[in-house]
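Quick note, the sequences are listed as chains A, B and C, same order. Residue numbering for the first sequence follows UniProt numbering, starting at 1 and increasing by one per position. Residue numbering for the second sequence follows UniProt numbering, starting at 1 and increasing by one per position. Residue numbering for the third sequence follows UniProt numbering, starting at 1 and increasing by one per position.
Read the hints as simulated data drawn from the structure, not as lab findings. Mixed in with the good hints there might be a few duds.
A partial selection of chain C residues facing chain B, derived with a Cβ cut-off under 8 Å [unchecked claim]:
no., residue
1, Glu39
2, Gly40
3, Trp43
4, Asp50
5, Pro52
6, His70
7, Phe231
8, Asp233
9, Leu238
10, Val292
11, Gly293
12, Pro294
13, Ala299
Pulled from the structure, derived: some chain C residues nowhere near chain B, Cβ distances all over 12 Å [to be verified]:
no., residue
14, Ala12
15, Leu64
16, Gly99
17, Arg111
18, Gly134
19, Asp220
20, Ile236
21, Glu279
22, Glu343
Coverage of chain B stretches by chain A, computed from C-beta distances (three or more under 8 Å per stretch; other residues unrestricted) [said to hold, decoys possible]:
no., region
23, 27 to 41
24, 45 to 51
25, 229 to 235
26, 294 to 300
Since the model is a prediction, treat every value here as computed from it, not as a measurement. Positions of the beta carbon are idealized from the N, C-alpha and C atoms, including for glycine.
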Amino acid sequence: MTAGAVQETLAALDLVDHHCHGAVTDDLDRAGFESLLTEGEAWPGVSPFDTPVGLAVRRHCAPLLDLPRHAPVDAYLARRAELGAAEVNRRFLRAAGTGVFCVDTGHAPHRATSPGELAGAAGAVAYEVVRLEGVAEAVAAGGVEPDAYAEAFRTAAWEAVGRPGVVGVKSVAAYRTGFDLDPARPSPGRVTEAARRWLARGGRLEDPVLVRHLLWTAVDLGRPLQLHTGFGDSDIRLHRVDPARLTDWLHLTAGTIPVLLLHCWPYQRQAAYLSAVFERVYFDVGLTLHHVGPARAGAILAEALEITPFRKLLYSSDAYGLAEFHHLGALAFRQGLAGLLRERLAADEMSLPDALRLARWAGRDNARRVYRLPGGPADDG
Amino acid sequence: MTAGAVQETLAALDLVDHHCHGAVTDDLDRAGFESLLTEGEAWPGVSPFDTPVGLAVRRHCAPLLDLPRHAPVDAYLARRAELGAAEVNRRFLRAAGTGVFCVDTGHAPHRATSPGELAGAAGAVAYEVVRLEGVAEAVAAGGVEPDAYAEAFRTAAWEAVGRPGVVGVKSVAAYRTGFDLDPARPSPGRVTEAARRWLARGGRLEDPVLVRHLLWTAVDLGRPLQLHTGFGDSDIRLHRVDPARLTDWLHLTAGTIPVLLLHCWPYQRQAAYLSAVFERVYFDVGLTLHHVGPARAGAILAEALEITPFRKLLYSSDAYGLAEFHHLGALAFRQGLAGLLRERLAADEMSLPDALRLARWAGRDNARRVYRLPGGPADDG
Amino acid sequence: MTAGAVQETLAALDLVDHHCHGAVTDDLDRAGFESLLTEGEAWPGVSPFDTPVGLAVRRHCAPLLDLPRHAPVDAYLARRAELGAAEVNRRFLRAAGTGVFCVDTGHAPHRATSPGELAGAAGAVAYEVVRLEGVAEAVAAGGVEPDAYAEAFRTAAWEAVGRPGVVGVKSVAAYRTGFDLDPARPSPGRVTEAARRWLARGGRLEDPVLVRHLLWTAVDLGRPLQLHTGFGDSDIRLHRVDPARLTDWLHLTAGTIPVLLLHCWPYQRQAAYLSAVFERVYFDVGLTLHHVGPARAGAILAEALEITPFRKLLYSSDAYGLAEFHHLGALAFRQGLAGLLRERLAADEMSLPDALRLARWAGRDNARRVYRLPGGPADDG
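Assemble the whole structure, with the sequences as input and the hints as a guide.
Okay, here's the thing in structure tokens:
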């Protein structure tokens, strides 16, 4: 009965997916679908379906397209095309059972749902997360003098976070420099000098001084800051995005903004450590969950929860492009956490009320609290 | 029957807890208890009880205070206050079933049991481990000329290890510099120069030259050296305390003193590797065991034992302050290891005599051997 | 039934062991056997049999010498001596059920089977892998002017890979410099200058410029390149051989040769990441499998497969010296993978055809494909 209660609670929980992206709105051919299925690329002779996430799609998504479990790839793609992107998105987004999406709108190589469209298709509420590198790059693209860059970026960032529905900001510093940064706030002179080099050269913001400046500007904004850490595409240098390398910066910024470490794999234990010793550090294992699938999500969550205060773990899907991922992330989280809690209950290592509280906190209430979403404090008991 | 034999052997084993601290002797209010429950701090609105170790205390410690399992926090703290620190300490220390405590007396922000008091309350034997940073800082506090520092520290360290009951030394170099040190013994001239800077400035010993000098002085002392590695409070830079970073120093000091890597999480595999390739390297997963609790101790021990010579793993609690931790560490070790060995026996991957030997070695005899404690050689078969 | 099918398929699979060494052909006394049993050394009072691999030998190898499971060490060694090296090797090599061995012939401190002898004893086919450091050191030993070194090494390497039966090359850069190398191809001038220093000094090739030059020469050869990563003997600095540190070099060499990351433990997740985002990166958990034994191989493989394209994991034993290891590696791989797949099937997380395909790919067909071995394309469906 207790085991059932955990599973039912998690199955029914209106998750807060505190970090995700839109779903592609165009119909996808095989190449288009496969390229979204992998953090790598689609390589000749190696199908992205022959991966843990590919198996999970065929197992857990096919039935939502009225196909048998483990449906063949061709049948899956044919049925997906037949239904059309809008219907496919609607089915997976509804099935996710997510009540709130916090949507990072800064990564958009494809035409994808806006937060409002995502919410509409899902029958949910959507908020927006502003990617600060995008704000800075728009400032540069708009034309600015080097000595006016800092102020222009600050102004644009304040405007962005002042828009209705914006609940936080995000940085992809992990992709641009990694975390071996001088943790100190750079002086105005150094920012101007770095802006001069960048504005002359153009391209992505990846100057270490400007990345530091961006992170410190995030502190000034006072909003929760999401930081990509760990696993991503080949642009990452994995050993340089161990979140433990943020420790000096976390000391310097202690007592300011909440910092939310995203993804983290394979450094979930390092992220857990930081969340245990820094008051305002939180983390999730998003992106990882759908890539490993429900078969392995419990093992990842078990590592993520080893020493972790239960107020510090959040749920995110980090779904991008395929609405399958909004669903799979939620499913892997629910099943993985339910399995873990059932084991602990069976061993009498926790009580049922504790298990249910942990599930509600991680899946929903911690995010409500950090982002001050409606419904937050009421569930805080 | 074989499964039962392992469990019984581990349950009855008079453990050697080769690294722990004293238990606080004052009565603790809620804030005092909570601050000792976490490696972080007690934060507003986030109870340190809402953690794996908090659940483990309510599950496994409450019954020893005559409360039901999973007792509420308020009831737990009220009953603890009612019994008083002395009785609480006595109950948990007896329940630990530990035969020998090796007590690090160098970390004492609270009034806590001396080794003798700990032993008395537990019905056990206690030895002392001398923290070398404390010795060096006392030398500095006592007043010394820079060019006399090295000799004064050496003399004080020899005196300290010559005291009755001292079985080893410890360094917290991990907290002071991390392990990216020049591994070579520093020259006398450089030590004097570094001492001049330190003695003028005061504060903790954290000059890299003096930390190296301290480690090499430990080599000269010829006693087992405990090194904090991995997990700790926010003073740690986790990525700089991977024990693999000690490899060059381990090569230079090979054939001298036993080196005992403490805690190690999340680098228990790295510690295991070092213990497998360096004759005099040993390790434990202390501190981790009570933080993860019995529910997860088996998983940590399974990683710790993957490639590890059975003579190289030791038990420690690293309990500090709360006698609950002296008990929980022992319980998590016994249950975690018993679970792991039962699985291996059930799969016929080891024989019962091998399982029992491994349990006795890790829980007791390896420490007896390394520290040359009474009873050591007799159990060495 | 499905569970049985996976186990039977894996038990019957003619594995490709894509990286191993020869088996010692001399009879071994206790000291000789023990020194080969460990990546460390045999230490006084600490038997290398008291390790996970030691238990695995007594459990899984003793029956092949007509002894009971968990036979005592003395009985094992006596029976081994009685049978003689040739018969012992024949028994274990046959039992391995390996169809193809790719033999690294560059590490030969003992008299050991040639690839042909290994194949003969096993009833298998053997190919050769050329260790490039050995080629370079032979060039140096043969006498060469610094400004002719690059060309002489290149010529010798081309000759080596042109020999019949050679299917790839290997580098132990991990042992010589670790992976924190400048990833760029060094200029001819710098190579000459570095060669001048090396040729004057002699000894192993471990100059960082020459190690880089060796890796880039491997790119020019166009053959699959095996790279030692992770776990090895005490010569390794484990934190410097995290394969993620190869990322810059993998970017620069993308689209050229297949790169096969060997061993990887404890960085199997980092290796998996690289295999997921770089088209030509593959990996295995060889060496680890027999050291952890069948009891723990499934756990290692589960981490190795978390996000891994099924075309990217290969099998190797990395057996050296003891034919027990050629057998144990294969057994641990078969049993570990079968256990993992059975669990996934039981949870209905994959279909039986998918499980069988994954098993055949990882155990045999991926290696056939990468090394273009006979039988490769036919199994490629």
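Identify whether the interface hint at alanine 299 of chain C stands, where standing means a beta carbon of chain B within less than 8 Å of its own.
Given a least distance of 7 Å, the restraint on alanine 299 of chain C holds.
8 Å C-beta criterion, at least three residues: is the region 229 to 235 of chain B covered by chain A:
holds (count 3)
12 Å cut-off, C-beta based - glycine 134 of chain C kept clear of every residue in chain B
holds (23 Å)
Holds or violated: the hint that tryptophan 43 of chain C contacts chain B, with Cβ atoms closer than 8 Å.
Check passed: Cβ of tryptophan 43 of chain C comes within 4 Å of chain B, closer than 8 Å.
Are all C-beta atoms of chain B more than 12 Å from that of leucine 64 of chain C?
holds (16 Å)
Under 8 Å, Cβ to Cβ, is where phenylalanine 231 of chain C needs to be relative to chain B, so tell me if that hint holds or is violated.
Because about 6 Å separates phenylalanine 231 of chain C from the closest Cβ in chain B, which is inside the 8 Å limit, the hint holds.
Holds or violated: the hint that glycine 40 of chain C contacts chain B, with Cβ atoms closer than 8 Å.
holds (4 Å)
Consistency of the no-contact label for glycine 99 of chain C, given chain B and a CB cut of 12 Å
Holds, since 27 Å exceeds 12 Å.
Closest CB of chain B to the CB of alanine 12 of chain C still more than 12 Å away
holds (22 Å)
Check the non-interface label on arginine 111 of chain C: least C-beta distance to chain B beyond 12 Å or not.
The claim holds: arginine 111 of chain C sits with its nearest Cβ about 25 Å from chain B, beyond 12 Å.
With a cut-off of 8 Å on the beta carbons, see whether aspartate 50 of chain C makes it to chain B.
Hint on aspartate 50 of chain C: holds, closest Cβ of chain B at ~4 Å, below 8 Å.
Count residues of the region 45 to 51 of chain B with a Cβ under 8 Å from any Cβ of chain A, then say if the count reaches three.
The restraint on the region 45 to 51 of chain B holds, since 5 of its residues have a Cβ under 8 Å from chain A and three suffice.
Checked against the numbered hints above, the structure violates only hint 20.
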